[in-house]
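S.K.: Full structure from sequences and hints, please.
Protein sequences appear in the order of chains A and B. 1 is the number of the first residue of the first sequence in the working numbering; add one for each residue after it. 1001 is the number of the first residue of the second sequence in the working numbering; add one for each residue after it.
Quick caveat, the hints were computed from the structure, so don't treat them as lab data. Every value quoted in this text rests on a predicted model; they were computed, and no experiment measured them.
Below, computed lysine to any residue pairings styled on SDA-like, alpha-carbon distance capped at 20 Å: (1) Lys1003/B - Asn59/A; (2) Lys1052/B - Ser1074/B; (3) Lys57/A - Lys1003/B.
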Amino acid sequence: KAGVTQTPRYLIKTRGQQVTLSCSPISGHRSVSWYQQTPGQGLQFLFEYFSETQRNKGNFPGRFSGRQFSNSRSEMNVSTLELGDSALYLCASSPMFGGTDTQYFGPGTRLTVL
Amino acid sequence: LAKTTQPISMDSYEGQEVNITCSHNNIATNDYITWYQQFPSQGPRFIIQGYKTKVTNEVASLFIPADRKSSTLSLPRVSLSDTAVYYCLVGNTGTASKLTFGTGTRLQVTL
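M.R.: Below, the structure is given as structure tokens:
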């Protein structure tokens, strides 16, 4: 079974631009979570989607948004990029929402903001 | 949200057993404890999960005392390829608390 895929793997943008990252979960998984990883803050939760609905949201500004499609694929968008948004953005999928399901992570998208 | 504390780094020689402890004093009743391994430029990889007492799988053991305020990941006979960052995660799916990662422990294994 194919793992979680994220595209693109690397991205370079300039301040003020916006960016869209994509995540395809493991086949059959319906829950998708997004994380931001930086050397200073570590792994921080952004949001989680299940059945096309945002179920949980982390403590990030409104510039960070996401959505999930009917096939469980998810996208996250960051508008008006700032230098501090440079990070590894990780997507994780799990079968359902609730319970003890393990999260399976993708390889991440490395975003660099210049 | 449950907050976790782990040692920043640990060193070990190949073949030794490594124990990494995570403190989570305000763990909630319905929270589980999960450990992940992460290599550079890769996403975290699930190692083991438990609620209480001891859990063992083919790669690790997880020890959780009765009060559940801490947990210990035990890696038997580490090899060079176990050099990675290990994260303790406390929470449960269904709430945002599932998603609180610790700072991670950087394990360096040498010959």
